[in-house]
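The lines below spell out each chain.
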Amino acid sequence: MHVSTKRLASSRFAFPGASDKEIRILKRNALIDRAFERSTQAFALAVLLLLGAILVSLCVSSWDTLSAHAVDFLTGDRWAANMEMFGALPAIYGTLVTSLIAVAIAVPVSFGIAIFLTEKCPEILRRPLGITVELLAGIPSIIYGMWGVEMLAPFLNHIFPDLFPAGSGLATAGLVLAIMIIPFITAISRDVMLTVPPITRESAYGLGCTTWEVVRGVIFPTVRHGMMGGVVLGLGRALGETMAVTFVIGNNLFFHPTITGQGTSIAALIANQFPEADGAQRSALLALGLVLFLITFAVLATARYMLNRIERRAA
Amino acid sequence: MRHYTSALYRRRRFVNRCAMVLCLLAAFFGLAWLVLILGTLMVKGVSALSLDVFFERTRMRDGGLGNAILGSLILTSAATAIGTLVGVAAGTWLAEYGGKSRLARAVRFINDVLLSAPSIIIGLFVYAVLVLPMGHFSGWAGIAALTVIIVPVVIRSTEDMLNLVPTELREAASALGAHRWWVVSRVCYSGARAGIVTGILLGGARISGETAPLLFTSLNSNQWNFFDMQGEMPNLPMTLYQNMTINSFIPDLVNLAWTGAMILTLGILILNIVARFVSRQSH
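As they're listed, the protein sequences go chains A and B.
Take 1 as the starting number for the first sequence in the UniProt record's numbering and just add one per residue.
Take 1 as the starting number for the second sequence in the UniProt record's numbering and just add one per residue.
No wet-lab data here; the hints were simulated from the structure.
Accuracy of the hints is not assured; some may be wrong.
To be verified - Short, incomplete list of chain A residues facing chain B, as computed with Cβ under 8 Å:
{"hint": "1", "residue": "Asn29"}
{"hint": "2", "residue": "Tyr144"}
{"hint": "3", "residue": "Phe247"}
{"hint": "4", "residue": "Gly289"}
Even for Gly, the Cβ is constructed at its ideal location relative to N, Cα and C.
Construct the entire structure; sequences and hints are all you get.
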């Protein structure tokens, strides 16, 4: 009671001529102000903690495997749960190979579509095509997986029976992933290419450059980092993709240095074995999840760094 | 006019034509796959479509997808509701209070990483912190996993949309004597509402198709589940996955999976279009 009258007195000093009621209202609002800021800040901090929580919980729950196998876990080329052998190499190899195939196919195609959309597309088609690309980026990955196993795998098997004896395999998974990330990379590269000021573009055209020369000599150099960021973001998506891959990768746990043959990826291995796993196997699968998280974190952080540079320039 | 026919000019024209033809081919190549996928979805999906699909539960034979659709709706809407609360609050702090402080930049960076983190990792995380201690799969765990996925989407769009509200509006309200919380909740939110709603709808569309995180959290069930969050919650993506893998020897279930895939995709496309419509109205 004493403290509050004292505060009231000091407020009266700060707001000369204000009545008690007005001061009370001011105080209440100041309190709400502080509460509002603090509570929203708490939610923002929760996001920060979330990443730490993911990392810690994966480390803790896979500690048995990490402490028992350590480096062998990453280099071992045999994954046999019934013999308690956990080598992550086949899965890591499959993850990297499928993602690289996907990026190798998707990048030229996406850049081509983006150039078409920004430079050559007739004005009437530009919006509908742009919206189509964005809508397609929203189709869930399980649909791509189902289509891959029912249509693409039999088709590849039919066309190249020697390369794809079963239809499924690392290359098939890479192709499905490519189809999945094409709309994604296209949307980002188009947005990034549109940040080039029209004046710059028009000056180059005014000097007599052809469209291709403008794209190669003016647009690409200015937004290089942004385009790279988009590609790396696509790579990050491909690395962690589960459902589109699980259906078509073949789920072969033996390590073969193959491109078209059957294999497995980290995400596919987890999705296949986790539901029936417990004990050492579950711990090993969680360790595998930790490896995937660290790989994608590194990739995504790189992508963000590159994209942020573009955003700062555009702002 | 000699230079128009010079070798250099012709070479430049040739290179340009080649590049543009390749771009056009790329556009056809990219869109052709997607037309193929959507075409397959429609052709295969319509064959098993009937009213029973919506009102019967999943069974080995003569079933539908009713419980899965209901479960998906429950999971998605609950996660979207919680995600909206958390995401809008955190996004508000980033845009209105955080500014360029070190903490705000760290949160922004982490949020961007979470935005594209693999969903299977989110599933494993929720499994480790919720399912293991509880000892069983549950609807709550599924909601938690989907919430973790939607929150970064909502944060990002809330922050972007609040940044679009002109500073002059905030200053005008403050000059009239409005307190900060009143400025944010009345002036800024009403300006950014359409954009935030768009972000929430797009986030909802994204989580409604997520399969991998549900694999370890909500699992699936072939029974009706009316809001029993402690039990396993049936859902559409998991049903598709199981019908296409462990049940793929039953042709009827595979056909049903394609019908489910069509319903899921149409639902997501409609949500996307509604979201675009909302954001367009505000302009």
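Hints, one by one, checked against the model:
no. : hint   : result
1   : Asn29  : holds (4 Å)
2   : Tyr144 : holds (7 Å)
3   : Phe247 : holds (7 Å)
4   : Gly289 : holds (4 Å)
Of the hints listed earlier, there is not a single one the structure fails to meet.
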